[in-house]
Structures are given as structure tokens and as C-alpha cells.
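**Q** Spelled out, the chains give:
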Amino acid sequence: MDFLTLIQVLDSTIRLTTPLLLACLAGLYSERAGIFDIGLEGKMLAAAFFSAAVAYVSGSVWLGLGAGIVSSVVLSGLHGLASITFRGNQLISGLAVTMLAQGFTVLVAQDWFSQGGRTPSLSGGARFTGITLPFADTLAPVPFIGPIYAELISGHSILVYLAFALVPLTWWVLFRTRFGLRLRAVGENPAAVDTAGVSVTGLRFSAVIICGVLCGIAGAYLSTALQAGFVKEMTAGRGYIALAALIFAKWRPWHALWACLLFGLLQAIALRYQSINLGGIVIPVQVMDALPYILTVVILAGFVGKAIPPRAGGEPYVKER
Amino acid sequence: MTVMTKLLGAATALAIGAGAAAAEPAVIFDLGGKFDKSFNEAAFNGAKRWADEFGSKFLEIELQSEAQREQALRRFAESGANPVITTGFAMSAPLAEVAPDYPDTTFVTIDGWVDAPNVLTIGFTEHEGSYLVGMLAAMASKTGTVGFIGGMDVPLIRKFACGYAQGAKAVNPDATVIANMTGTTPSAWNDPVKGSELTKAQISQGADVVYAAAGGTGVGVLQTAADENILSIGVDSNQNYLHPGKVLTSMLKRVDVAVYESMKAGDDLEGGKVEILGLADNGVGYAMDEYNAELISDEMSKAAEKAKAEIIAGDLTVHDYTSDDSCPALSF
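First to last, the sequence lines map onto chains A and B. For the first sequence, numbering that gives the first Met the number 0 gives the first residue as 0, with consecutive numbering after it. For the second sequence, numbering that gives the first Met the number 0 gives the first residue as 0, with consecutive numbering after it.
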């Protein structure tokens with residue numbers, strides 16, 4: 000593999016990592032607050048549809064992004080209502096959110112655009128285009144650093160930079176602010192938080208809303224930046240891979256970045272090479288596709304350290320009376 | 000009691016009679032969805048044309064999951080629909096199971112393969128159509144590298160790829176053909192993001208014409224090809240209009256004709272046969288319209304037409320991947 004190919008594969012890695020990373024951070028907030036969320040997939044899908052639909056109708060991608068975030072937050076609110084207010088089973092609620100999104104996106108798309116559950120192709124201002132960072136063109140001829148800066152770092156859509164900037168921000172919020180401390184506490188021991196006079200319900204709802212916002216950005220990225228329009232079930236399991244990355248990262252922001260980059264890299268390699276020849280042993284592309292799941296199982300089985308989820312995760316909080 | 004039985008019997012006979020008189024054909028669309036702008040949409044267009052022409056109605060269902068296949072077949076057969084038309088190779092196994100239970104219903108499988116007295120198997124010579132678009136691709140390519148992006152990795156899609164590669168190499172023996180499959184699960188038919196990434200990967204390897212045989216995934220391929228200013232080739236339906244001037248041509252597979260003819264035959268449709276639609280009966284071909292007229296020069300269309308005539312006459316044989324699971328022009 001020569002240097003240029005490496006840059007191209009890494010470039011593809013960044014594009015593929017972004018939706019995973021956003022969804023993974025979304026899950027991180029939610030699960031750290033004790034709300035398991037397997038509905039990441041559904042929220043991304045709903046956001047992908049509404050951002051593409053509104054971007055097409057209004058011609059403004061920013062309005063589209065807003066609509067995507069709103070739709071995702073509404074679904075998050077639904078999940079919160081079921082699992083926080085009514086203390087329902089979080090896994091079932093998350094699954095319901097996904098199934099709901101898979102159904103109504105196609106239904107509404109067919110009703111609005113009559114193109115068989117897809118939106119018309121977006122063009123011009125209705126799409127996020129790559130932004131060229133300052134000095135990218137000047138630096139491009141410089142050997143080694145030039146291609147890295149001009150090809151790999153520059154030229155992505157603004158949502159990519161946002162996603163990567165969210166990693167340190169998430170770390171700072173969770174580990175350096177009062178809100179973050181309480182958020183983590185509510186996922187470990189909600190009773191203690193309650194005793195301290197802080198609202199468990201309020202904290203959990205805010206975590207779920209943040210989760211919705213991030214999933215909304217992830218969905219909008221898929222349909223308005225990577226693609227030019229919505230196609231039914233276009234998330235294609237990325238929400239679940241993000242969940243796997245979250246477990247792989249053991250619910251920590253920086254590790255989430257590395258896990259998502261790893262999974263993105265695996266996808267990029269699988270897309271670039273149909274089979275990889277390692278000194279006589281040929282690894283078929285299917286192995287690369289399955290690796291994220293295999294790695295997650297290995298982590299869960301306890302081979303590489305222990306993955307301990309937030310202690311109160313999955314359990315609705317019942318205040319003693 | 001006996002009167003009652005007779006009455007019931009008569010009522011049943013009447014019901015069956017009524018059902019048979021108004022036997023509506025039924026179409027089962029595969030997981031790609033009715034409006035995939037490709038294979039299933041072609042089937043839908045054929046059914047719609049029949050319905051419009053004869054002022055009749057047809058029953059239809061879009062499958063949402065693998066588990067629905069057998070259920071949908073049985074439901075249509077029991078409701079008296081005839082013929083029951085299925086699209087996609089994946090219907091073969093459930094159809095083989097269900098067909099013997101309903102000997103009076105004629106089933107049609109497009110792309111599948113079922114050996115039963117009441118099943119009509121309709122196939123296409125996709126390798127020949129792909130051969131022609133492969134020739135056009137190699138002639139349009141400036142870099143000498145052309146790409147192929149398949150949906151789910153199944154023998155049928157490899158048949159497309161193999162014909163395409165043979166066509167490209169026939170024009171330019173030194174041509175490089177890069178072939179990628181999107182995945183190995185049905186979600187590979189609906190993953191435009193992966194389609195885009197594959198296209199970008201192929202472009203970076205030098206491809207400047209990319210042929211997508213990937214259902215909904217192909218939408219992403221065509222979009223990226225248009226964005227990156229290279230040419231693409233659509234599949235099944237005519238997709239030239241999606242990006243005017245950027246889609247070189249589309250490999251037509253006249254699923255619509257197959258569906259239309261089956262519906263027109265109605266109750267007279269005979270099972271137990273295999274029909275292969277090829278270049279001669281316009282079952283496959285390449286699309287020419289106002290959107291790609293400027294892209295295909297006279298020289299190119301002449302070469303393609305010549306090859307077409309040779310294939311029809313039997314002077315030129317295109318290797319069919321599914322005949323021996325191997326391809327002389329491409330390794331997977």
C-alpha cells in the first residue's frame with residue numbers, strides 16, 4: 000500500500016467514522032445517565048429522512064439539519080417518556096423507536112414525494128459540501144504533510160469537524176463539570192443523587208435529549224452530507240455498530256473516538272479491498288464486515304479487560320415512598 | 000344436515016367460482032422495495048401498464064422481511080390470485096415449498112429457479128446485456144479502468160459483473176475491471192452510503208466509468224459518480240434521467256415486459272417451463288435516450304450493435320457465470 004492509497008483509505012475512514020462517532024457519543028450520554036438506548040438506529044433514520052425532506056423543500060441544508068434534530072429529539076422524548084416517566088423496559092422502548100422510524104419514514108416519504116419512500120435528490124444549498132480549510136491549497140504540494148493536510152484533514156463537511164470536536168467537549172462535560180458529575184452519578188446510583196436533592200428525572204431527561212440532538216446530527220450527516228437524499232433504511236445498521244463501539248470503548252469519550260475510528264477503518268479497508276492477502280492467507284471481505292461485532296463479543300466476554308456498564312443502567316428509578 | 004352440507008358446498012363452489020372469474024394477478028416485490036428505481040420498479044411498471052390497459056386491478060405486497068416470503072405466497076394463492084408473480088432470486092426456496100400445495104395456481108418466478116409443474120421460471124441473459132454496456136464503458140473510459148459495484152454478493156450479480164468484464168476486455172484487452180460487492184446480506188441492496196464509498200474507492204483506483212448493479216445502493220453510486228464528474232451505468236430500469244449527461248447508459252432488463260406478458264396471459268399462463276429472455280427478444284439491452292445521446296458516439300453504438308447482432312446470431316458467446324461458477328475475465 001503506497002502513501003497515497005493510505006491517505007485515501009484514511010479519508011474514507013473519517014467519512015465512515017463520523018456517523019458512528021456521533022451516534023456513539025449520543026449513546027454515551029444516555030447510557031451514562033442510566034438509560035440504555037438501542038434506538039440510536041431509529042433516531043438516526045428519522046433524522047436522515049426529515050433533514051433530507053426539509054432541506055429539499057426549503058433548499059436550505061441548515062433548516063434540514065434543524066428538522067432532523069427536532070425529529071430525533073421527539074423520538075428521544077418518546078423513549079424518555081416510556082422508560083423514565085412510565086418506567087418501562089428500556090430495551091423494548093428503544094426497539095420500538097427503531098421500528099417506528101423504519102416504518103414511518105418510508106410512509107411519510109411516499110406520501111410527500113411519491114418516489115417510493117425516498118426523497119428527491121438534493122442539490123446546491125440543500126447539501127452540506129466539503130469545506131476547504133485555510134492554506135490547504137498552499138500546503139498541498141509540500142511532501143508528506145501536504146497530502147495529509149489537504150486530502151485527509153481538509154475538505155470534509157462541517158459536521159465531520161463538529162463530530163470530532165464533540166469528543167473533547169464530551170469528556171470535559173462529563174468529567175469536569177457539575178452537570179457531568181451528576182449525570183454519571185445518576186447512572187451509577189440514582190438514589191444518592193435523589194438524596195442530594197437533585198432531580199433524577201430531570202437529569203435523565205436532559206441526557207436523553209442530548210442523545211437525540213447528537214443522533215439528529217448523525218442522521219443529517221448521512222442524508223445531506225454523505226448522500227444527497229434519503230433512501231429507506233439508509234442507516235443500514237450503523238446505530239448498532241455505534242452501540243458496539245460504545246461497549247468497546249467501555250463508555251468513555253476518548254475511547255469511543257478510537258473505537259469508532261477502528262470500526263470506520265475496518266469498513267474503509269473492507270470497501271477498498273475485497274479480500275486481503277496476508278502472506279498466503281486470504282481474509283475475505285466478510286470477515287472485515289463482521290469484525291466490529293466479533294471484537295465487541297470478545298470485549299464483553301472479558302478477554303480484554305472488563306466492560307462494566309453504568310450500574311443503574313437499564314433500571315427505571317423508583318423513588319421510595 | 001345433508002341439506003346444510005350441500006348448501007355449504009354450493010356456497011363454497013360459488014365462492015371459488017366467483018374467485019376464479021375475477022382472478023386477479025398478484026405481484027410480490029422483493030426486499031429492495033417497489034420503488035427502487037431499478038429491478039422491482041420495472042416489475043411494478045409492467046404490472047401498472049397491464050392494469051391501465053385492461054382496466055383491471057392486481058394484488059401486490061412489498062416484502063419487509065425474509066420471514067414474509069412464504070406467508071405472502073400462501074396468502075395470495077389462498078385468496079385465489081392467479082398468476083402469482085414473484086421477483087428476485089430469493090423467492091426460489093419458499094416458492095419450491097409452497098407451489099405443490101396450490102396446484103391450480105400458476106406461479107411465476109423472475110430471476111429464481113423452481114422446477115415444478117405450476118411454476119413458470121423467467122430468466123434473462125444479463126451477461127449479454129452487461130457485455131454490451133461493458134463494451135460501451137471501455138470505449139467511454141479514458142483511463143482504461145472501469146468499475147463494477149454489485150449489491151448482495153450472489154451468483155446472479157456475479158453474472159452481471161462477469162459479462163461486463165468480458166465486454167470491457169473485448170474492446171480493450173488491457174482494460175482493468177475493478178469489481179466490488181456491497182455486502183452479503185439483503186441490506187446491501189439499500190446502502191447508498193456504502194455505494195458512495197465504494198465509488199470513491201474505485202475512482203481513486205483510476206475508474207472513470209462505474210456500473211452499478213445494486214438496487215437502492217446504486218442510487219448512491221450514480222450520485223457520487225455525478226458529483227465526482229465521472230460516468231456511471233444504471234441497471235434494470237432506464238436510469239439515464241437520474242443524472243442527465245452523467246449516466247452513460249443503463250443495462251435494461253425488461254422485467255416489466257415479463258410481468259406484463261404474464262399478467263396478460265392470466266389463467267392461460269403455463270407453468271413447468273423456463274423462459275429465457277435475451278437480446279433477440281429485447282429482454283435485455285442498453286438504454287438510449289435524450290439524456291445520454293451525447294455520451295454515446297456513433298462509433299460506440301455501431302460496435303455495440305455489431306456485437307449484439309453477433310450474439311443473437313450465435314457467432315459470439317458470452318460466458319455465463321452461473322453456468323460453472325467461474326469467470327474467465329474477472330476473479331472475485
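Hint data in this document are derived by calculation from the structure and do not stem from the laboratory. Any given hint could turn out to be false.
[To be verified] Far from chain A, some chain B residues (derived; all Cβ distances over 10 Å):
| id | residue |
| --- | --- |
| 1 | ASP35 |
| 2 | ASP100 |
| 3 | ASP190 |
| 4 | VAL218 |
| 5 | GLY313 |
[Claimed, not checked] Simulated pairs of lysine-lysine, DSS-like, Cα-Cα distance not exceeding 25 Å:
| id | chain 1 | residue 1 | chain 2 | residue 2 |
| --- | --- | --- | --- | --- |
| 6 | A | LYS249 | A | LYS318 |
| 7 | A | LYS231 | B | LYS33 |
| 8 | B | LYS168 | A | LYS231 |
| 9 | B | LYS263 | B | LYS56 |
| 10 | B | LYS305 | A | LYS231 |
| 11 | B | LYS168 | B | LYS33 |
| 12 | B | LYS47 | B | LYS168 |
| 13 | B | LYS33 | B | LYS47 |
Even for Gly, the Cβ is constructed at its ideal location relative to N, Cα and C.
**Q** Next step is simple, just say for each hint if it's right about the structure.
**A** Checked hints:
1. ASP35: violated (7 Å)
2. ASP100: At roughly 31 Å from the nearest Cβ of chain A, ASP100(B) sits farther out than 10 Å, so the non-interface label holds.
3. ASP190: violated (4 Å)
4. VAL218: violated (6 Å)
5. GLY313: The claim holds: GLY313(B) sits with its nearest Cβ about 34 Å from chain A, beyond 10 Å.
6. LYS249(A) / LYS318(A): With Cα atoms ~28 Å apart, LYS249(A) and LYS318(A) exceed 25 Å; violated.
7. LYS231(A) / LYS33(B): holds (11 Å)
8. LYS168(B) / LYS231(A): violated (36 Å)
9. LYS263(B) / LYS56(B): holds (12 Å)
10. LYS305(B) / LYS231(A): violated (40 Å)
11. LYS168(B) / LYS33(B): Since the Cα atoms of LYS168(B) and LYS33(B) sit roughly 34 Å apart, the hinted pair is violated (cutoff 25 Å).
12. LYS47(B) / LYS168(B): Given pair LYS47(B), LYS168(B) is violated - Cα atoms ~39 Å apart, limit 25 Å.
13. LYS33(B) / LYS47(B): The hint holds at about 12 Å.
Going through the hint list in order, the structure does not satisfy hints 1, 3, 4, 6, 8, 10, 11, 12.
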